[in-house]
Amino acid sequence: MKTYLPPKFIVERDSNRCIQCQVCVNQCSFDVHSYDAADDEVRSREENCVGCHRCVVFCPTNAVSIRKNPLDYRENSNWRPEVIEDIIKQAETGGVLLTGMGNDKGYRVYWDHLVLNASQVTNPSIDPLREPMELVTYIGRKPDRVEVSDGALKLKTKLAPQVKLEVPVMFSAMSYGAVSLNVQESLARAATEAGTLWNTGEGGLHPKLYKYGKNTIVQVASGRFGVHPEYLDAATIVEIKIGQGAKPGIGGHLPGEKVSAEVAMTRMIPKGTDALSPAPQHDIYSIEDLAQLVYALKEATDYTKPISVKIAAVHNSAAIASGMVRAGADMIVLDGLRGSTGAAPKIIRDNVGIPIEMALASVDTRLRQEGIRNQASVVIAGGIRNSGDVAKAIALGADAVYIGTAALMALGCTCCQQCHTGKCAWGICTSDLALTKRVNPDIGARRAANLLRGWSIELKDILGGMGINAIESLRGNRLALRGIGLTDTELEILGVMMAGG
Amino acid sequence: MARAVREKTNSVVEIDASGILTRELNTRLREATSNGVKKIELRNVYGQRYIGTDLGKPVEIEIFGTPGNDLGSFMDGPRIIVRGNAQDGCGNTMNAGEIIVHGHAGDITGLSARGGKIFIRDGVGYRAGIHMKEYGDQKPVLVIGDTAQDFLGEYMAGGILIILGLNLKEGETHRASYIGTGMHGGVLYLRGNISNFQLGKEVGVAELDEKDHMDLEKYVGEFAFHFGHSAKEILRQKFIKLFPLYLRPYGRLYTY
Chain A
78 MKTYLPPKFI
88 VERDSNRCIQ
98 CQVCVNQCSF
108 DVHSYDAADD
118 EVRSREENCV
128 GCHRCVVFCP
138 TNAVSIRKNP
148 LDYRENSNWR
158 PEVIEDIIKQ
168 AETGGVLLTG
178 MGNDKGYRVY
188 WDHLVLNASQ
198 VTNPSIDPLR
208 EPMELVTYIG
218 RKPDRVEVSD
228 GALKLKTKLA
238 PQVKLEVPVM
248 FSAMSYGAVS
258 LNVQESLARA
268 ATEAGTLWNT
278 GEGGLHPKLY
288 KYGKNTIVQV
298 ASGRFGVHPE
308 YLDAATIVEI
318 KIGQGAKPGI
328 GGHLPGEKVS
338 AEVAMTRMIP
348 KGTDALSPAP
358 QHDIYSIEDL
368 AQLVYALKEA
378 TDYTKPISVK
388 IAAVHNSAAI
398 ASGMVRAGAD
408 MIVLDGLRGS
418 TGAAPKIIRD
428 NVGIPIEMAL
438 ASVDTRLRQE
448 GIRNQASVVI
458 AGGIRNSGDV
468 AKAIALGADA
478 VYIGTAALMA
488 LGCTCCQQCH
498 TGKCAWGICT
508 SDLALTKRVN
518 PDIGARRAAN
528 LLRGWSIELK
538 DILGGMGINA
548 IESLRGNRLA
558 LRGIGLTDTE
568 LEILGVMMAG
578 G
Chain B
240 MARAVREKTN
250 SVVEIDASGI
260 LTRELNTRLR
270 EATSNGVKKI
280 ELRNVYGQRY
290 IGTDLGKPVE
300 IEIFGTPGND
310 LGSFMDGPRI
320 IVRGNAQDGC
330 GNTMNAGEII
340 VHGHAGDITG
350 LSARGGKIFI
360 RDGVGYRAGI
370 HMKEYGDQKP
380 VLVIGDTAQD
390 FLGEYMAGGI
400 LIILGLNLKE
410 GETHRASYIG
420 TGMHGGVLYL
430 RGNISNFQLG
440 KEVGVAELDE
450 KDHMDLEKYV
460 GEFAFHFGHS
470 AKEILRQKFI
480 KLFPLYLRPY
490 GRLYTY
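Read top to bottom, the protein sequences are chains A and B.
Just add 77 to wherever you are in the first sequence, counting from 1, and you've got the working numbering.
Just add 239 to wherever you are in the second sequence, counting from 1, and you've got the working numbering.
Treat the hints as calculated values from the structure; they're not laboratory data.
A portion of the hints provided could be inaccurate.
Unchecked claim - Covered stretches of chain B (chain A as the covering partner; in silico rule of three or more C-beta atoms under 8 Å from a C-beta of chain A): (1) 244-256; (2) 402-413; (3) 440-448; (4) 455-464.
Claimed, not checked - Cut-off 20 Å, straight-line C-alpha distance, at most; resulting in silico cross-link-like pairs (EDC-like, lysine to aspartate or glutamate): (5) Lys-296(B) - Glu-124(A); (6) Lys-235(A) - Glu-246(B); (7) Lys-378(B) - Asp-379(A); (8) Lys-500(A) - Glu-339(A); (9) Lys-231(A) - Glu-243(A); (10) Lys-348(A) - Asp-454(B); (11) Lys-440(B) - Glu-456(B); (12) Lys-79(A) - Asp-108(A); (13) Lys-378(B) - Glu-411(B); (14) Lys-480(B) - Glu-441(B); (15) Lys-457(B) - Asp-389(B); (16) Lys-378(B) - Glu-263(B); (17) Lys-296(B) - Asp-310(A); (18) Lys-457(B) - Glu-441(B); (19) Lys-145(A) - Glu-124(A); (20) Lys-296(B) - Glu-339(A); (21) Lys-277(B) - Glu-246(B); (22) Lys-471(B) - Asp-454(B).
What the hints assert, rightly or not - Selected chain B positions facing chain A (Cβ under 7 Å, derived; list incomplete): (23) Phe-303; (24) Thr-305; (25) Gly-307; (26) Ser-416; (27) Tyr-417; (28) Tyr-495.
Quick caveat: nothing in here was measured; it's all calculated off a predicted structure.
From the three backbone atoms N, C-alpha and C, an ideal C-beta is built for every residue, glycine too.
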């Protein structure tokens with residue numbers, strides 16, 4: 078069938094600069110560039126271009142530029158180009174629209190409507206370059222009260238397992254199979270260097286990565302892939318994945334062609350079969366059932382590590398979160414509307430769930446009202462872009478954040494949203510062995526660790542400016558925030574005052 | 240004192256579970272197995288959960304009473320014999336070992352099991368054998384003596400599921416509908432009457448070949464041995480084999 082889809086991008090090659098070296102031909106995994114030996118010329122098939130800019134970055138003479146195809150359809154605020162093209166795709170295939178990365182729609186980003194405070198005159202700001210400044214965060218259940226023995230200043234209360242983070246930023250769950258082993262190794266090593274954690278996702282833990290166990294969160298999801306006693310023992314936190322912000326309520330299908338021998342070994346399934354993650358966990362139909370799995374995992378790990386429960390942020394997250402804490406979760410994770418994915422139905426990604434800022438504020442408020450906020454650490458995920466977002470999240474009530482997209486961008490991702498095709502030209506979201514080599518774990522680990530280092534310094538600057546010297550003092554301190562351009566209802570849910578007030 | 244751990248011989252102990260909560264009971268089991276105990280008799284078990292989890296040793300546990308949910312969840316090696324009924328989640332995500340239930344079991348029996356064997360003398364609840372898998376030489380086996388409720392073997396990705404229908408009366412069909420929906424691996428052997436509408440649309444029906452007969456003889460033989468049946472008698476009646484029609488049931492669902 079002739080496709081009615083026009084090219085999304087225009088590929089321009091400056092013939093004065095192009096030296097026919099064919100780097101673009103070799104770098105493009107979407108078959109855009111090709112070399113015509115007869116004419117000694119590099120040509121383009123623009124209809125294949127996804128705008129990932131791999132060729133642009135690697136062209137040694139800066140000969141290639143990629144522009145958006147203006148696609149000047151007759152203007153229509155309702156029937157926008159994306160809407161028209163989605164319909165064309167479905168008319169030509171009869172399929173469910175699949176996409177990658179996070180929601181790209183223009184829902185309000187509340188971080189951009191929140192501003193932070195700083196000290197002026199009435200309390201001194203602190204210069205973190207010369208004074209101690211602490212970002213250390215402990216993940217785990219905190220006691221209702223502590224008892225200290227007289228004299229020796231020793232804690233008498235027996236604490237639940239705690240995990241120390243040097244910086245309250247962890248790497249989100251991204252499974253082996255969705256991302257490559259080199260990506261996981263890069264993140265595992267960066268997490269180890271920075272004193273934080275990375276998360277296996279639901280695809281098991283490759284034997285090569287067991288040595289990073291102290292900095293590893295392992296997931297137990299509906300597919301139970303690669304879940305066995307050594308896997309649970311290797312980790313520092315075990316996370317039950319109920320949902321994901323990009324696809325609340327939806328399971329996953331890792332297509333058989335991505336299940337290579339190594340992926341099959343790690344997931345403990347036969348090579349080449351689809352890895353189906355059912356939509357629900359069939360042993361969890363209620364909070365009581367959740368408690369059962371939480372305690373099954375506590376038993377399986379002899380109560381030595383925190384158990385986390387991750388949900389997608391949905392309408393009644395606050396009530397669910399209360400149930401999760403009461404079910405014994407030591408850490409709860411909320412993944413918001415803008416959370417990313419390796420593959421999700423587009424209609425789900427773009428239309429289901431609530432913004433993380435609202436979910437966080439309502440969950441933190443609810444847990445405080447019920448007097449159980451101390452019983453679990455609250456971690457958020459889904460669209461954290463920089464250290465400003467981290468600081469705002471912590472002020473709004475989070476203990477720590479997960480970053481996924483930002484971490485992948487550190488490794489080269491340009492958010493072209495083609496993860497689901499398995500052809501990632503940056504070698505990140507693919508299991509093609511030729512492509513996965515593009516992420517060198519030595520360089521990947523350096524880049525991801527650099528990002529965390531930069532954010533750590535910035536966080537200290539933010540704290541210092543406020544005149545506080547520990548991130549603990551910012552946690553849940555909504556007085557450090559003011560809203561801009563928000564309605565009364567939005568301000569009320571966020572629990573912050575309007576700027577000026 | 241009723242609660243005491245009583246040493247019967249060097250390697251056999253008896254634990255009276257009456258009045259002991261789940262966590263304490265499992266702690267005692269861990270202690271006993273790490274002391275090299277080979278067999279534990281658990282008396283007066285009333286609903287304590289996760290028995291057999293995190294033992295990781297080839298110990299035999301004989302349970303008298305009713306163990307609670309998630310019996311043998313994440314289990315990796317032990318052998319559990321239940322003189323009574325099991326509840327929900329028996330053998331949940333089990334890796335290796337054996338569970339023999341002299342009674343019936345509840346919902347999600349054998350959920351996501353990757354290895355080991357489960358023998359249930361009587362029937363099971365909903366979603367038994369759901370998402371069973373296999374890997375390398377690990378192949379879980381679930382044998383059900385009576386019948387099952389809906390969604391038997393749903394999403395099944397590997398392993399062997401045998402349902403015998405021993406207590407079905409003349410002309411009576413199995414209870415379950417949606418048998419093997421989304422099945423994409425493994426095999427299900429069914430004895431007793433079934434109507435086509437009870438089968439998931441991803442499963443095919445076939446006659447047994449020689450390999451099937453060998454597997455059946457082996458596992459029905461073990462079943463019969465555990466529960467005092469005659470394997471010959473059971474195997475005399477016709478079995479059908481349910482197999483996944485597609486290894487990739489959802490391959491043609493998406494557009495890019």
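A quick look at each hint next to the structure:
1. 244-256: Violated: only 0 residues of the region 244-256 of chain B have a Cβ under 8 Å from chain A.
2. 402-413: Since 0 is below three, the answer is violated.
3. 440-448: That given contact is violated, which follows from only 0 residues of the region 440-448 of chain B lying within Cβ reach (below 8 Å) of chain A.
4. 455-464: violated (count 0)
5. Lys-296(B) - Glu-124(A): Roughly 59 Å between the alpha carbons, so the hint for Lys-296(B) and Glu-124(A) is violated.
6. Lys-235(A) - Glu-246(B): 32 Å, violated
7. Lys-378(B) - Asp-379(A): 27 Å, violated
8. Lys-500(A) - Glu-339(A): Holds, at about 18 Å.
9. Lys-231(A) - Glu-243(A): Cα-Cα ~23 Å, so violated.
10. Lys-348(A) - Asp-454(B): 23 Å, violated
11. Lys-440(B) - Glu-456(B): Violated, at roughly 28 Å.
12. Lys-79(A) - Asp-108(A): 19 Å, holds
13. Lys-378(B) - Glu-411(B): 31 Å, violated
14. Lys-480(B) - Glu-441(B): Cα-Cα ~13 Å, so holds.
15. Lys-457(B) - Asp-389(B): 26 Å, violated
16. Lys-378(B) - Glu-263(B): 32 Å, violated
17. Lys-296(B) - Asp-310(A): Holds - the C-alpha atoms of Asp-310(A) and Lys-296(B) are around 15 Å apart, at most 20 Å.
18. Lys-457(B) - Glu-441(B): Cα-Cα ~27 Å, so violated.
19. Lys-145(A) - Glu-124(A): Holds, at roughly 12 Å.
20. Lys-296(B) - Glu-339(A): 28 Å, violated
21. Lys-277(B) - Glu-246(B): 12 Å, holds
22. Lys-471(B) - Asp-454(B): 14 Å, holds
23. Phe-303: 21 Å, violated
24. Thr-305: 16 Å, violated
25. Gly-307: Nearest chain A Cβ about 9 Å off; hint violated.
26. Ser-416: 16 Å, violated
27. Tyr-417: With a closest approach of 13 Å, the Tyr-417(B) hint is violated.
28. Tyr-495: 6 Å, holds
Comparing the model with each earlier hint shows violations of hints 1, 2, 3, 4, 5, 6, 7, 9, 10, 11, 13, 15, 16, 18, 20, 23, 24, 25, 26 and 27; every other hint is respected.
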